[in-house]
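So the protein lines, in turn, are chains A and B.
Take 447 as the starting number for the first sequence in our numbering and just add one per residue.
Take 1090 as the starting number for the second sequence in our numbering and just add one per residue.
There's no promise every hint is true.
[Claimed, not checked] Distance condition first, Cα-Cα at most 20 Å in a straight line; then the derived DMTMM-like pairs of lysine to aspartate or glutamate:
hint	chain 1	residue 1	chain 2	residue 2
1	B	Lys1481	A	Glu607
2	B	Lys1499	A	Asp510
3	B	Lys1481	A	Glu461
4	B	Lys1255	A	Glu461
5	B	Lys1481	A	Glu598
6	B	Lys1481	A	Glu619
7	B	Lys1553	B	Glu1636
8	B	Lys1481	A	Asp496
9	B	Lys1603	B	Glu1592
10	B	Lys1481	A	Glu594
11	A	Lys582	B	Asp1497
12	A	Lys627	B	Asp1497
13	A	Lys623	B	Glu1902
14	B	Lys1481	A	Asp631
15	A	Lys623	B	Glu1627
16	B	Lys1647	B	Glu1636
17	B	Lys1519	A	Asp631
[Unchecked claim] Pulled from the structure, derived: some chain B residues nowhere near chain A, Cβ distances all over 10 Å:
hint	residue
18	Pro1384
19	Glu1396
20	Asp1403
21	Leu1439
22	Ala1479
23	Met1482
24	Thr1495
25	Ala1496
26	Ile1503
27	Ile1511
28	Glu1514
29	Ile1694
30	Gly1737
31	Asn1889
32	Asp1901
None of these hints come from the bench; they were simulated from the model.
Think of the CB as a built atom: it goes at the ideal place given N, C-alpha and C, for glycine as much as any other residue.
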Amino acid sequence: MGSTNSTLLKIPNVEVLMQETGFSPAHIIRLHDRFKALDKEGRGYLCPQDFGAIKELAMNPIGDRIIGAFFSPGKETVDFHTFVKILAHFRPVDKDRPKEPNSLEPINSRSNKLKFAFQLYDQDKDGKISRDELLKVLRAMLGMQVTEEQLESIADRTIQEADLDRDDAISFEEFRKSLEKVNIDHKMSIRFLR
Amino acid sequence: MPKKSDTTRKLEDVGIEIDGDVESAEENNKAKGKGAKKTAAGKRGKAAASEDEDEDDEPPRGRRTANKKKAAQADEEHSDDDIPQRRCAGNRRRGKVRESGRDGENEKSGRKNKRGGNKKQKDGKGKGKDKDNDSDNDEKKKKNSSGDDSKSDEEDESMSEGEMAKLMEEVEEKKKLIASIRTKPWRMRRRLKVLKEAQQFVDKFEGALGKGKGRKLYAYKVMMMKKWIKFQRDFENFRTACIPWERKIKEVESHFGSSVASYFIFLRWMYGMNLVLFSLTFGLVVIPEVLMGLPYGSIPRKTVPREEQDTAMDYSVLTDFSGYCKYSVLFYGYYNNQRTIGFLKFRLPLSYLLVGIGTFGYSLMVVIRTMAKNADVGGGDGEDNEFTFAWKMFTSWDYLIGNAETADNKYASITTSFKESIVDEQENQKDENIHLRRFLRVLANFFITCTLGGSGYLIYFVVKRSQEFSNMDNLSWYEKNELEIIMSLLGLVGPMLFETIAELEEYHPRIALKWQLGRIFALFLGNLYTFLLALFDEVNAKLEEEESIKNASIWFMKEYYANYSANNPNDTGTPPPVDPADVIRGPCWETTVGIEFVKLTVSDIQVTYLTILIGDFLRALIVRFLNYCWCWDLEAGWPSYGEFDISGNVLGLVFNQGMIWMGAFYAPGLVGINVLRLLTSMYYQCWAVMACNVPHERVFKASKSNNFYMGLLLLILFLSLLPVVYTIMSLPPSFDCGPFSGKARMFDVIMETIDLDLPAFMGTLFGYVANPGLIIPAVLLMVLAIYYLNSVSEAYQNANMELKKKMQMARDEEKNRRNNKDSTNQVMKDLEDLLPNRSLASHAPPENSAGKKHDQGGKSPKVKPGTAGGGVHLQKDVSLASANPNARGPVTRAPGPRGPGPLPGQPGASRGQGPPPRRQ
């Protein structure tokens, strides 16, 4: 107990953080341990290289994008607060919790989860997934196995499916619509963060 | 101060209920020590909770005041200076404190101080009405919950901290709800419902939050629950790991698509079924015979005849399943017709017959059940091909993959699934000349019918010729083997021809595969026909031969006994002292048939394996390594690598199983051979396909249920059932070999059992059941039932289709509506984005109701009060509405002719989230 307390005490502004993210102290401590484990040199912040050591991310076709999502533009490092806030996207949605009319939408809400995923695809941050952006992901995912022509037709087809306003790009709204039936709450949740 | 407040607390509890009164009074006596405090706390908490309920059930005023009076009495008794009302309030809150975790002593005292402060505050207004009380409560709870976090981590040794905190929050939440339910603008019914739920929840989980016994129990329960969940997860993993070859098949599937995988799944299924057949046959026939039957060499049927003994152990003879093989437990002839064997009195002949029938019964049952189950699966989830590509694009990666090999497989499987979808898409989008297509399909079918007819006639012709040849001597090699040559040529050319003709049809590859399978099946039936025909000829010949030998041997025995009794008249005689190897014996046609089947199966295995080795492996080797020094590109050009031949392999499997079913009765060992074959084939083919084959040019998705394979299997099962049942029912078994020797028909063994082993009335009962007067109505009844069930299922299917159509229509409509709106209102949308939010919000309500007037359609009445109610509940109601897009649908449609104005549904944006996320 003493140790956990002291860990908590070491983190500045822990209450604010917990309020923002909805994490319990136990989560914060666990995340802090993880953060320290990743931060091998003990600098108090993480670099993209630190994330590269996670082999699940190294395998991932869009792993570098996920890593990129931790870093706000122009910044080379991520501190613990940002780290936790980003991971809060993956906190499972609390079930049967009555909605409080006045509070802000929690970070782990469905639309925020989706927004996070959307940003992974929307590289130029113009609010739209364009055909080129899709093609990049497709190339990473399918690689040499499929001809370029087919890749293009897949991209076209994907856009055609999801595109509601015919602007040849997928806006967030369309993205959300197309994934409406996918259980995002489940897919974008990490169980241990429960 | 601490001490005092402690006692006051107890006294306050007393104020609530009489039970509590007694308890706490007792406690009061011994609660001087700190040890007692904990147990007391539990009860106190309980009392507090029940008090909560009491209040929230909105009991009559009188009762509450009565409570208060009681409390006051208690007060007087214990000479406390607190006022009951305040006590109630404070009490509730304290219960909460208790629930939310146990504080360390230091903290506690600190808190108490705080509490004291609270009380003082209370004193000011606490004497007010109950309403005040409640709201106070609320406040306090809120304060409490903010303090929760720091407390929670001390809470648990047994539960994880996160869980604890979460639970606590939830309980808090519920309590808050209970407290404030009166102020909620809901209907009474809903209030009561919510209240009930919340109370149940609180009751259930309060124990978790640190109340004496309840807590321990709860901790234990939670621990067990976690263990149980973990166990379930592990068990699930274990079960998945236990599915044989799951990994292998998945690997194949990821590289070659679901169509190739469907073959391997089918193979695995066959293996499972054969394993059961194997255990039936070996457990009930072969092993009892080996353990308890007469040993080899004891009687003629278990001995190799004298003239064969020299060569009986030769390799060439053994590979022909002659010699020692023929007189072994593998074949029908080896079994003795003793009614019971061994000390267990095992009725081997009966068991033999029942296993033979049971094999068919079990297979039929399993095949039909699997088909029914598959059909269920196929119909269950309608393919939702709305966003196939988008889904695949955005959600197919598994983020937990951390292994390079798995990642490779995942890459492959994503690629394959994309390819499958592309093929489906191509088929859907093919704009075709329907008349030409129809014409071509009819033409193709005509060709194929011609081919099938021609090959059928050819087979018939060749069989007839071979029957003529069999009566002639000095035949040439070709004439001797004409039948086999023609058959294998047909088997080679036919499928290729069909495939070429099928190009005309341009079906989706999945459907094309079915047609191909069906056609080759028809072709192979000819094969089967010739084989069976030849076999029956042989059997008939054997039967005649046997008849003469039987007569001769009976005559010989008669003579022998006559001589014997003539020589020594006072002796009835002993059997002639002939060595079992020298006895004259019949040809035993059952064993011959069994050997035929075993030979066929084994040669089939050899051919299949060699084909794979040469046709795939060698070819792959040549293409791969000769490519370095060859004139043209072997890999891209002519020979290339082989594709996996799904239809051929599936049919091979199906026909092989037919052979097993037919032969198993005459050669119990055949099932064992087949199990081995399937086992090796699984590994061998998996390896071969991964090593030497390339994916199909058009990887297509297999239909979810491989019911077509099952259908073929069922057909073959039925076909193979016929000859076996025919032999059992109408051919006389050999007189000197097999378990049924000496009987007129094989099924007589059942009659014998009924007569000898079962009580007499059973015999008469069976007699009645076998009466045609009973059987014919039964059959009629069954036919009627089938008819009825069939029509019912058809009706259901129609209803299903209807519903699906409706759903599709609704979806289309939705889509169209959106499209229209978005295309027509682009300008308006831009304008909206420019407009300030505030004005939108004020505009929204009238707009909304106007919109409703415009379109008639399903709309949720809930939208109305919220929007009409103005800004206060706005967000909640908007979020409510957005949860169900369909209910919102009609409103979002822009009222067409209206000028540039804010859209309905916009109010969501006014909450400052920006336009996109909330709407639609």
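State the violated hints by number, sorted upward, taking the hints as numbered earlier in the document.
As far as the earlier hints go, 3, 7, 8, 12, 15, 17, 22, 23, 24, 25, 26, 27, 28 are violated by this structure, in ascending order.
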